[in-house]
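Start from the sequences and build out the full structure, keeping to the hints where you can.
Here the protein sequences come in this chain order: A and B.
242 is the number that our numbering gives the last residue of the first sequence; the numbers go up by one with no jumps.
441 is the number that our numbering gives the last residue of the second sequence; the numbers go up by one with no jumps.
Mixed in with the good hints, there may be bad ones.
[Said to hold, decoys possible] Not the full set, but computed from the structure, chain B residues with beta-carbon under 7 Å of chain A:
| # | residue |
| --- | --- |
| 1 | S253 |
| 2 | S255 |
| 3 | S300 |
| 4 | D303 |
| 5 | G304 |
| 6 | L338 |
| 7 | S373 |
| 8 | R404 |
| 9 | L441 |
[As the list claims (entries may be wrong)] Pairs of lysine to aspartate or glutamate, EDC-like flavour, derived with a Cα cap of 20 Å:
| # | chain 1 | residue 1 | chain 2 | residue 2 |
| --- | --- | --- | --- | --- |
| 10 | B | K366 | A | E94 |
| 11 | A | K111 | B | E280 |
| 12 | A | K112 | B | E394 |
Worth flagging that the hints you see were computed from the coordinates, not collected in a lab.
Predicted, not measured: the structure shown is a model, and the values here were computed from it.
Positions of the beta carbon are idealized from the N, C-alpha and C atoms, including for glycine.
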Amino acid sequence: MIDQGPLIPRNREMHPVPYYPDYKTSVARSPSLPLLSMESGPSEETGPTFGHDQIGALDNNLILNWTKGAAPAVGERILMHGRVLDENGRAVPETLIEIWQANAGGRYRHKKDGYLAPLDPNFGGCGRTLTDANGCYQFLTIRPGAYPWPNRGNDWRPMHIHISVYGHSFGQRLITQMYFEGDPLIERCPIAATIRNRSQLDRLVAPLDMAASRPLDFLAYKFDIVLRGRRQTMFENKLEGL
Amino acid sequence: MVQPLTVLPESPSQTAGPYVHIGLMPTYAGNPGAYAEEIGTSPIAEGAQGTVIEIVGSVYDGTGWALRDALIESWQPDAAGIFPGQPGADPAVSGLCRFAADAVSGEFTLRTVKPGPVPSRYGKAFAPHISLWVVARGINIGLQTRIYFEDEDNSDDPLLARIEQRPRVETLIAKKIGENRYRFDIRLQGAGETVFLDL
Ligand SMILES: [Fe+3]
Chain A
1 MIDQGPLIPR
11 NREMHPVPYY
21 PDYKTSVARS
31 PSLPLLSMES
41 GPSEETGPTF
51 GHDQIGALDN
61 NLILNWTKGA
71 APAVGERILM
81 HGRVLDENGR
91 AVPETLIEIW
101 QANAGGRYRH
111 KKDGYLAPLD
121 PNFGGCGRTL
131 TDANGCYQFL
141 TIRPGAYPWP
151 NRGNDWRPMH
161 IHISVYGHSF
171 GQRLITQMYF
181 EGDPLIERCP
191 IAATIRNRSQ
201 LDRLVAPLDM
211 AASRPLDFLA
221 YKFDIVLRGR
231 RQTMFENKLE
241 GL
Chain B
243 MVQPLTVLPE
253 SPSQTAGPYV
263 HIGLMPTYAG
273 NPGAYAEEIG
283 TSPIAEGAQG
293 TVIEIVGSVY
303 DGTGWALRDA
313 LIESWQPDAA
323 GIFPGQPGAD
333 PAVSGLCRFA
343 ADAVSGEFTL
353 RTVKPGPVPS
363 RYGKAFAPHI
373 SLWVVARGIN
383 IGLQTRIYFE
393 DEDNSDDPLL
403 ARIEQRPRVE
413 TLIAKKIGEN
423 RYRFDIRLQG
433 AGETVFLDL
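Rendered as structure tokens:
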């Protein structure tokens, strides 16, 4: 592996604020002291790699993967697709993307979720894939339902899919959520509102993509992800006096 | 006017939420068999070089309550300080581990090999350490930190040297509690708050 230089420092203005009282759980779980900033080193510039042999043929098909193809999940069939890029605009190939989500009724298959909407016997709710050589990925799934959660008096999560990405180094690690164009609950969600920069929040709202949808089968939503890039320079000096 | 800078901003984070285990640790979530092979179940395979160690601890919130829903990832090099993928790396060290706070006690356990020191651009090497990334409901962007070891020489470590309030260095150092056993607690907020990193 060539030394590509250190990671571009994270611009925290582009991210949610850690402490956001309308999202009550964040109040006691957000650090109150500043983070220790320093240039990245090998621990952040290296990261795990994954092979296609680790990924099953149905792993990116949430409609079929829980039943191993025996029966499809209930719900509105959708294709979630997009590209993973870095801040320099370069594709991030062969990187692991994992997603998890509620079923069409808004219920998660998790031992701690007791929401009264029923489980779908044909839906597990997790999927994973590797991006291709151009950084592209796709998942076939169902549109998750909105669900209520204990926070303020009557808070509901907008429809969303949770996404976890590695990039090529541990310092690029990112977990985020994809929302759906036109969902009125996005404006009312205190978790979405932790992102104070409106144009940044908009980047988590996937547009309906009719060009990629398949007639008589599924609608498509496009969701691109940008990870931290690395500083490219011919002038790397050893840092002194630190 | 100037030329436009065409830098794409990083996508914003969102909390991993209470059900992160469905995606990253399906067996823990109660869904064994979701995948033929789960990722990050152990950072080492049989035959890994070096000393096998066990690190236990909890993640505490600002009230002193141990989180029952935290998920942690660790990333580390092998016993010689070589990361997976680098030339000469121990093939039995994958380096990545995913582990969760116990749903009843809030305690986690990481079983791995003790890593070696790692070269840095700062001239001096980093003392042996394991990188951590902590996510949970209420954490809006994953928290980075490191485990160092009290029985290693940490005096020249370039990261620890940057911590102005010297008592806070202790928050990054695992305490020996037995033969090859350590304790490392993470405090998200308040008294003894862990030093979190922005690297
Ligand atoms: Fe959710």
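Numbers of the earlier hints that this structure fails to satisfy, in rising order | Violated hints (numbers, rising): 3, 10, 12; every other hint is consistent with the structure.
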